[in-house]
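Based on these hints, arrange chain G on the given structure of chain S.
Listed here are the chains, written in short residue letters.
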Amino acid sequence: MSEIELDLISHLSEYKRIFSFLTAEDIMKKELITLTPENYLSEARVIMRDKRISGIPIVDKEGKLVGLVSTERIIRALEEGIISNKIKEYMTPREKIVYFSPKDTFEKIVETFERYRYGRYPVIDEHNKLLGLITKHDILRAILKQFHSIYIHDRRREEYLNREVSILASDKFIEDKASFRYDINTQSISEAGEGTALLKKVLEKRGYHRDFIRRVSIGTYEAEVNVVIHAGGKGLILAFFEEDGVVVFVRDWGPGIEDIDLAMKEGFSTAPDHIRELGFGAGMGLPNMRRAADRLVILSQSGKGTRVEMVFNLKEGRD
Amino acid sequence: MKVREIIEILDCEVLTGNVNLEEEVKYGYTSDLLSEVIGKAHPDSVWITIQSHLNIVAVAVLVGIKAIVVCEGKTVDPKVVEKAIQEKVAIITTRENSFRTSGKLYEAGLR
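In order, the protein sequences belong to chains S and G. Residues in the first sequence are numbered consecutively from 1, following this note's numbering. Residues in the second sequence are numbered consecutively from 1, following this note's numbering.
If we strip away everything but chain S, and leave its shape as in the complex, we get (with noise of 0.2 Å):
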């Protein structure tokens, strides 16, 4: 692992409490490439290279794990000249490899990697058998899945807030090269979501399929709606027919949110007696938008507005 790689693990130990929930087998990945004592090291090589991999777990014919091949193996096997030879005498055998179980904490998971530093620990049952492998672009994925999104939230906002291009998508947000555009522009609650609506109409012509149209709408409704509600109704909306999905950008130049990881707390608003009245304020606006968007960037700073940036993906089979 480089300098920076450690350096991200050893932070992830800060967040340890955090993530207690998940466990090995949230973590791993389950689809592995495995070889048998049998095949030969320039075979493990091979797949290595095409694959892209740092190491490939060694198992016997019932899935049990018996040992595993690193490129460092690999690279010795090359200078030693044995290449050509079988996997089982050159490989890590099993009584030396750090492995975990499927029910290890992320604690533990994290101080194992801190302490051992190797690339990939398998994951295996009471039974020996071979489960998964864990690395650590494993547990950054798993811990990015519960995030779904990003919140900048410091000194760097301001900066952000103004900029031209998207954080998510670094050629996207030039205004007129945007599919779709609407200014919101309205203090009365019960006209907010028109932007929306013309967006899903536009959206059901180009002929995505209903779901997906139902998670692009209900991001950007809420947006909208909080635009109206929290930011005097002067905004804007824009959205980037992609052909993996959808981008959506929602602006508005309002008081901004005071602080941003409260408002993502469901049940949290800070809305006005007479709207929440008509069931808005009800503090989901924001966990409603996490939930259908793939990804989500909110900029804010207070006194200088609020930037929402969705990415809704095309999921086969699902959309």
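By construction, these hints were calculated from the structure, which means they are not laboratory data. Be aware that one or more of the hints could be misleading.
[What the hints assert, rightly or not] Straight-line C-alpha distance at most 27 Å; calculated DSSO-like pairs for lysine-lysine:
(1) S/103 to S/61
(2) S/129 to S/29
(3) S/16 to S/64
(4) G/88 to S/201
(5) G/104 to G/88
(6) S/177 to S/234
(7) S/64 to S/86
(8) S/234 to G/79
(9) S/315 to G/26
(10) G/26 to G/74
(11) S/315 to S/30
(12) G/40 to G/2
(13) G/104 to G/26
(14) S/129 to S/88
(15) S/201 to G/2
(16) S/136 to S/103
(17) S/265 to G/26
(18) G/40 to S/205
(19) S/205 to G/88
(20) G/26 to S/201
(21) S/96 to S/108
(22) S/136 to S/96
(23) G/40 to G/26
(24) S/177 to S/315
(25) G/2 to G/26
(26) G/74 to G/40
(27) S/315 to G/40
(28) S/201 to G/79
(29) G/40 to S/201
Just chain G now, with coordinates in the frame of chain S:
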């Protein structure tokens, strides 16, 4: 269950004429908080609420709700009805409360 059957079960008035009467409804959802409905109601639902303002139509369209039952005898503004007809959402009003209305529809098989 068709929207028409829901109307027969409830002691109610239809404000939107023939809109969606023959549409099939499988689920019900009862809430007055719009974002809860947006986040949690199934498409092809009937929505039971005491809200009667214009935004209920927008919420119904977003979710795919076929019919809204406005309870407690709340009056629904003609503008809302007009919008509902335009967007193809049935609006039904009843004097009963949300609990009793939900109960009747549950008993009739909606989930």
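Exercise for review: Hints the structure violates: just list their numbers, smallest first.
Suggested key: 3 and 17
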